[in-house]
Amino acid sequence: MNEKRKSGLAANPFLKSLGTQQAIIVGVIIVLFIFFSLASVSFRKYTTVVTLCNYMYYILLMAIGVTFPLLTGGVDLSIGTGLICYAIVGSYVISNGHMPVGVGMLVVMIMSLIIGFINGIIIAKLDLPPFITTLCTMMIVRGLGSILTGGLSGVWPMAGSAGGWCRSIFKITVGKTIIPIGIIWMLILIAIMSIILRKTKIGRYILAIGSNKEALRLSGVNVVKWQVIAYIISGFFAGLAAIAYACTFSNITPGTGAGLELDAIGGAIIGGTSMTGGSGSIVGTLLGVLVISLLKTGLPYIGLQANWQQIITGLVLLAAITADMAKRKKAA
Amino acid sequence: MNKFKNLPVVRAIGFNRVVLIGVILLMYLVFALLTPVLHSGATFLKYDRILSALNYAYFIGFLGLGVTFVIATGGIDFSIGPVMFTAALVSGYCLTQYHVPLWLCLILSIVIGVLFGIINGYFVAYRFLPSFITSLACMQIAKGVGSVFTKTQSVTWPTEGNENAWFHYLVRWGDVPVGFILLCLVAAICAVVLNKTKAGRYILCIGSNKEAVRLSGVNTKKWEMLAYIICGLLAGVAAIFYVGAYTTVQPGLGDTFNNEAIAACVMGGTSMAGGLASMLGTVIGALIIALMQEGILAMGFTISYQYVITGIIVLIAVTADTLSRKRKN
Amino acid sequence: MGDVILTMKGIDKRFPGVQALSGVNLEIRKGEVLALMGENGAGKSTLMKVLTGIYKKDAGTITYEGREVEYNNPREAQEDGIVIVHQELNMMGHLTVAQNIFIGREPKNGFLIDDAKMNSDTRKLFQQLNIDINPKETMSKLTVGKQQMCEIAKAISHKAKVIIFDEPSAALTESEIEQLFKIIRNLRDQQLGIVYISHRMDEIKKITDRVTVMRDGCYVGTLITKDCTKDDIINMMVGRVIYETPKTESHVPPDAPVVLKVEHLNAGRMVQDVSFELHKGEILGFSGLMGAGRTEMARALFGADPKDSGDIYIKGEKVEIHTPEDAVRHGIGYLSEDRKRFGIVLKKSITENATLTCLPRYCKGVFIDKNKEKQVTKQYVDTLRIKTPGIDQLVMNLSGGNQQKVVIEKWLIGDSDILIFDEPTRGIDVGAKQEIYELMNRLVDEGKSIIMISSEMAEITRMSDRIIVMCEGRITGELDIKETSQEQIMHYATLRAGGSDNE
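First to last, the sequence lines map onto chains A, B and C.
Residues in the first sequence are numbered consecutively from 1, following the numbering used here.
Residues in the second sequence are numbered consecutively from 1001, following the numbering used here.
Residues in the third sequence are numbered consecutively from 2001, following the numbering used here.
Bound conformation, chain A alone (with noise of 0.2 Å):
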């Protein structure tokens, strides 16, 4: 009976497209959803769509970006404090610099590289450990965006001022009902970045990186120039996703942010991504982001606040590894 279920079940060629664990966290995403909306009235509501799209946004990006390093077999943990460093510098450049929106996301964006191209460069060249590695610059970059800003908090524009534009970029207001557009935006970057994973160079050695540096180097690939490519796709990402916390949140306090890459990270490892490289998809990025994402909007409306969510993205986190070891240790 089970038996013929699952067979059932796997002959689903969505489901077969996506592999046994994606299959496994689309069920989640539904019994987390329907858990949620049986057990609180207010989460059964629109806002909650909007709500869950805030926290998706900036958790997405940064776990597309993510997901690049840890497929080579490193990790990124510099990409949240880089996220609030990058947003409130660029909230500075706008602010006290008097200057246009778009010049604030210019300097996101270089600021993003630049951190993006130091990792890459100390891990590859100088053969680091990665996690020590992005552990510095995450330190340097916590301490850099007050210092920069004189530790002030700072905003990006709201709606309605000027350069309010922004905020519009990932929702819009169409009579009373808050549109969340930037799921347009999201869906267009994880089709191009999956064509970038599965169809370019860029992709295909990151992978081959994850799964033997060594052959890929006798086979005569330039390693450290891709490993490289992977950290900075990984800070762009931050940048990007400094951009969507700027604007989809009002305040952003310098020296915060260090935890937002755990998210991310464990967003991609539920996703499937494996810790020691060489396997995983963009689209089960996105699943395991939702996970994550549903988990922030979910918990505040069964009565547990923030701090609980830290208990449990830890839990989920500690869960999705011990999966991910236990999987890679059957296989071999």
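Please note: incorrect hints may appear among the correct ones.
Dumping the calculated DSS-like pairs for lysine-lysine here, alpha-carbon to alpha-carbon at most 25 Å [stated by the list, open to error]:
{"no.": "1", "chain 1": "C", "residue 1": "Lys2159", "chain 2": "A", "residue 2": "Lys327"}
{"no.": "2", "chain 1": "C", "residue 1": "Lys2146", "chain 2": "C", "residue 2": "Lys2159"}
{"no.": "3", "chain 1": "B", "residue 1": "Lys1221", "chain 2": "C", "residue 2": "Lys2364"}
{"no.": "4", "chain 1": "A", "residue 1": "Lys327", "chain 2": "B", "residue 2": "Lys1221"}
Covered stretches of chain C (chain B as the covering partner; in silico rule of three or more C-beta atoms under 8 Å from a C-beta of chain B) [to be verified]:
{"no.": "5", "region": "2331–2342"}
{"no.": "6", "region": "2351–2357"}
Rather than coming from a laboratory, the hints here were simulated on the basis of the structure.
Positions of the beta carbon are idealized from the N, C-alpha and C atoms, including for glycine.
Got chain A; can you put chains B and C on it based on the hints?
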């Protein structure tokens, strides 16, 4: 130079450590000269400054000693700072809200540290998870537990002169820095454990080549987990010294101290690759970190500079370690 | 026989502490297969790595198609038409077969990789070579033999003019070797220059035209294959060392008690239903091809990897071995094939390594009794004649042979009665090899029992009292030393389940 390196005292302490002591003296000199210039009216040449720096050195020192064991196995523990805060929050909350006796609260603090050590150790040693991600997850859990238990309130332990405040004497008795004596004592014990006992031998060998040790018939899981438990235990001890010095703890913080404790280790000559560790080096490293933060504040800078400088120090120390290992191969 | 396409002259290469190559000459001609022969550690692989730019030479010249060349990395050599099929598999297990073959030179369609073209090109290539592998299969799912064929296909696809095969047959079954020879002959007829590195004398006679022999990093000489005998080649290879003849009969008395009995041991794909007995004072040789499951068997027996089922009896008593700790408690010692990874702690001293298996015995309470520890280490360093300035020396500073002796010391101090030697002389120079052999003989004379896993046929026939041959995880033959020939061992080593490959 070689003559100096071969002096018996220098050899006993280790040349790198001697250099670090030199760095401390130099830093002190620089701060003494720069403080009045950068921050008019302020002076660095006060006994209070030293005591204040030492206050910071104690808990960083204890955290550092603990994480040295973990780094010696080739692992890492990013949860120590938040675990220390959680231990201080939960036991302090028990003391002030539930009126649990002080001695029991101090033990409770250590027990909480040990519990987190067990969680980290179990997942790393028995479930083969990478230590950095395990301890990051644990860090989140610790932060959450601390906030949930105290209902996101900060906890203030009894201040000096009040009832139940004798724990302050562990840190400072009048003008005597008792904490420094205790830190040195614990460091000495840690050094003996690391270099003279079976546990230490196994921990160091695991850091060098875990698989070879396992295939020699040693229960590597047990000993690797022990390193994390010692680390947790010392995080619990660090909590006592933190409240002894600063009295108040806030939930949700503590992660910056991980980095500073790890910086103290790697500066002191403990290799991130495992197998090589120095407790004396860690204590000296903690003193440098503490002096640096005192100096930065005295010169009128914000603590953000400390983050940046710590990050750069760790990067340089780890790069130097990696390069020297490469050259040897 | 064609013109000379590549000449290496007076090649020197030093590694810290070792002169790996000194004044080596080599000449490769179009349309011929050159055998490069020599003992393990003679410098064959090093020479080929110098040629393909993986290592930099210290002296000498390489002339290729009339001009002097020097490559900085394998890619430059590849682009010039010199490719190497490595001894170790260099595969990216997560990628597909076609993706592996075209790594670093993917056909593109604008920005995107043209996977369809890659797959069809791979299919064409395989057809040409008569290989039956699906290009879209994930690499890690193939058998070792098929992975090796992919590696060869990859090398050939480079439009090469010179192809180097570095022990390609180590993991192949008889029929796969036949197929490989067909491919090589085909390439030779297309006027390519081919270098074939192997240990197997019969292969050399079968496929090569000339033989160049190396010994201890030096060039010894070159012979025409059809004009020389096996003995000529062997004499050149071993030189000064007298090559001992195989053991003719077992040294174990017929009534020697059984010390270890393994019944129906199963562990994954690589160990299937393995049963055997080991007698007191016996050296039991385990022979087979690379990937036959011998190391996996030893690791499962030792508790290093989990086993699925099977019973182990020591001196008649059933024992439970789930971890190396259990094995050591029952007096089993395991000397791994990969010493540096699994055998020793390189950055620790001889003393620290020596007492690793039985540290509790050298402790007073929780403290280590350093005097007692040093005393026993010193004693064994002397009896094993380990060459070292002192017992505080870090093991990483010792030579390969002395490192192996430290591993042996470790197990002797640990009081092991049953020793599993997995490739005991890999990476050890000829002189030290002799000492290890003598040591093993002394150990069995003292009443210890040894399981010896070895891929060197000469080592197996010289040391063993009895030989067990494995193929694809199963025991395919058990031979008494009295009635064993190398051909017989090869026959069993390639005996696949069902025999479907031996028609």
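Status of the hints after comparison with the structure:
no.	hint	verdict
1	C:Lys2159 / A:Lys327	violated, 40 Å
2	C:Lys2146 / C:Lys2159	holds, 21 Å
3	B:Lys1221 / C:Lys2364	holds, 23 Å
4	A:Lys327 / B:Lys1221	holds, 20 Å
5	2331–2342	holds (count 4)
6	2351–2357	holds (count 3)
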